[in-house]
Amino acid sequence: MKISIRDVGPAKIVDVDGDVDLGTSGTLRSTLFAALPETSILALNLKAIRYIDSSGIATLIEVLNDSRRLNKQFVLIGLSTAVEEVFRLTHVIRIFRIVQTEQEAVGDL
Amino acid sequence: MTGFRVSFAMASDVRYLPVVRGAVGALTAAIGWNEAECRAVVLAIDEAITNIIRHAYQGRSDGLIELECRESADGLEFTVLDNGEPPDPSRICAREAGADKPGGLGTHIIRDVMDSVSYQRTESGNRFLAAKRLRKET
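From first to last, the protein sequence lines are chains A and B.
Going by the working numbering, the first sequence opens with residue 1, and the numbers climb by one from there.
Going by the working numbering, the second sequence opens with residue 1001, and the numbers climb by one from there.
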């Protein structure tokens, strides 16, 4: 799994490429938690994620809960079919804000 | 002989999770499931192995995990063995899905995807059994 962070306007966009599983979700978690306090919008680009398991979903839930506590926006960009299936299986899709483009993710400000 | 059976013996190391996913994915595709069903079964077996690494072996990477995949008359049967701590009954009972709490998702996935799931504590450790019936594309 590869992770990189870009600043786009008021947002930080985190790009993830590869598989998110028990072996990699900790890195994703630490990256997102480090970036969250430093931005008003944290957007996670999921377009290049081929696989995500429950540890990855749990990480996203933790970040979402912390974003609410800090009054930040946490947005997911571009779920692939495979990733969307896991979101639906875990019934968490409704709790996230999911958009298709970066412009949608940062456009509200 | 008809059908297919494959067994793995692996250390409880997260590095091997992609190997398991690749093998189970290839097997589910070979017997005729569609892509979505293949992905779901791969996820469920990955979650079962992940649970063993996290809970039975508490993150240790030197435990033994044995996985057997068998083609049955109407689908696939999986057996996963480990020598770690017995499962916590509260974790076996999947939490209600949809709540914005991060725990218990893996068990929920396993129960949702597989047609039958059971756990047994044996003298040598834990045995996880799961089966998925075949619904071939027409």
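Keep in mind that the hints were calculated from the coordinates and are not lab data.
Just so you know, even glycine gets a beta-carbon here, dropped at the ideal spot from N, CA and C.
Check each hint, because a few of them may be wrong.
Unchecked claim - On the chain B side, residues computed to face chain A include the following (Cβ under 8 Å):
1. Ala1011
2. Arg1015
3. Leu1017
4. Gly1022
5. Ala1023
6. Glu1047
7. Ile1053
8. Arg1054
9. Leu1105
10. His1108
11. Arg1111
12. Asp1112
13. Ser1116
Stated by the list, open to error - Pair ranges (Cβ atoms, derived):
14. Pro37(A) - Ile1031(B): 31 to 39 Å
15. Arg1005(B) - Gly107(A): 31 to 39 Å
16. Tyr1119(B) - Arg88(A): 24 to 32 Å
17. Ala1023(B) - Leu70(A): 36 to 44 Å
18. Arg94(A) - Ser1118(B): 46 to 54 Å
19. Asp66(A) - Glu1068(B): 45 to 53 Å
20. Glu38(A) - Thr1122(B): 29 to 37 Å
21. Arg1133(B) - Gly26(A): 43 to 51 Å
22. Thr81(A) - Ala1073(B): 29 to 37 Å
23. Asp1062(B) - Arg88(A): 30 to 38 Å
24. Arg1005(B) - Arg88(A): 50 to 58 Å
25. Gln1120(B) - Ser40(A): 18 to 26 Å
26. Pro10(A) - Gly1059(B): 17 to 25 Å
27. Gly107(A) - Ala1073(B): 26 to 34 Å
What the hints assert, rightly or not - Covered stretches of chain A, as calculated for chain B (at least 3 residues, CB under 8 Å):
28. 30-44
29. 83-96
Going through the hints against the structure:
1. Restraint check, alanine 1011(B) versus chain A: the minimum CB separation of about 13 Å is more than 8 Å; hint violated.
2. The closest approach between the C-beta of arginine 1015(B) and any C-beta of chain A is roughly 6 Å, which is under the 8 Å cut-off, so the hint is satisfied.
3. For leucine 1017(B), the interface hint holds, the least distance from its beta-carbon to any beta-carbon of chain A being 5 Å, beneath 8 Å.
4. Here the hint on glycine 1022(B) is broken, as its CB sits about 11 Å from the closest CB of chain A, past 8 Å.
5. The beta carbon of alanine 1023(B) comes no nearer than 14 Å to any beta carbon in chain A, farther than 8 Å, and the hint placing it at the interface is violated.
6. Because the beta carbon of glutamate 1047(B) sits about 6 Å from the nearest beta carbon in chain A, less than 8 Å, this interface hint is met.
7. Taken as an interface hint, isoleucine 1053(B) checks out: its beta carbon lies about 6 Å from the nearest beta carbon of chain A, inside 8 Å.
8. Taking 8 Å as the C-beta cut-off, the interface hint given for arginine 1054(B) holds, the closest approach to chain A being about 7 Å.
9. Restraint check, leucine 1105(B) versus chain A: the minimum CB separation of about 4 Å is within 8 Å; hint holds.
10. Because the smallest distance between the Cβ of histidine 1108(B) and any Cβ of chain A comes to about 7 Å, under 8 Å, the interface hint for this residue holds.
11. Interface hint status for arginine 1111(B): violated, as the beta-carbon distance to the closest one in chain A is roughly 10 Å, over 8 Å.
12. At its closest, the beta carbon of aspartate 1112(B) sits 6 Å from a beta carbon of chain A; the interface hint therefore holds under the 8 Å criterion.
13. Because the beta carbon of serine 1116(B) sits about 17 Å from the nearest beta carbon in chain A, more than 8 Å, this interface hint is broken.
14. The beta-carbon spacing between proline 37(A) and isoleucine 1031(B), approximately 49 Å, falls outside the hinted interval of 31 to 39 Å.
15. Checked against the hint of 31 to 39 Å, the pair arginine 1005(B) and glycine 107(A) fails, with Cβ atoms roughly 53 Å apart.
16. In this structure the supplied range 24 to 32 Å holds for tyrosine 1119(B) paired with arginine 88(A), their Cβ-Cβ distance being about 25 Å.
17. The beta-carbon spacing between alanine 1023(B) and leucine 70(A), approximately 42 Å, falls within the hinted interval of 36 to 44 Å.
18. The hinted window of 46 to 54 Å between arginine 94(A) and serine 1118(B) is violated, with their beta carbons roughly 31 Å apart.
19. For aspartate 66(A) paired with glutamate 1068(B), a C-beta distance near 41 Å fails the hint of 45 to 53 Å.
20. Checked against the given bound of 29 to 37 Å, the beta carbons of glutamate 38(A) and threonine 1122(B), roughly 50 Å apart, lie outside it.
21. In this structure the hint that arginine 1133(B) and glycine 26(A) lie 43 to 51 Å apart at CB is violated, the actual value being about 35 Å.
22. Distance hint check: the CB atoms of threonine 81(A) and alanine 1073(B) are about 31 Å apart, consistent with the given range 29 to 37 Å.
23. For aspartate 1062(B) and arginine 88(A), the Cβ-Cβ distance of about 36 Å falls inside the hinted range of 30 to 38 Å, so the restraint holds.
24. A beta carbon spacing of about 32 Å between arginine 1005(B) and arginine 88(A) contradicts the range 50 to 58 Å that was offered as a hint.
25. For glutamine 1120(B) and serine 40(A), the hinted distance range of 18 to 26 Å is not satisfied, since their beta carbons lie about 51 Å from each other.
26. For the pair proline 10(A) and glycine 1059(B), the beta carbons lie near 38 Å from each other, so the given range of 17 to 25 Å is not met.
27. The beta-carbon spacing between glycine 107(A) and alanine 1073(B), approximately 54 Å, falls outside the hinted interval of 26 to 34 Å.
28. Only residues whose C-beta sits within less than 8 Å of a C-beta in chain B count toward coverage, and the segment 30-44 of chain A has 0 of them, not enough to reach three; the restraint is violated.
29. Taking a C-beta to C-beta cut-off of 8 Å, the segment 83-96 of chain A contributes 8 residues in contact with chain B, enough for the three needed, and the coverage statement holds.
In this structure, the hints that do not hold are numbers 1, 4, 5, 11, 13, 14, 15, 18, 19, 20, 21, 24, 25, 26, 27 and 28, in rising order.
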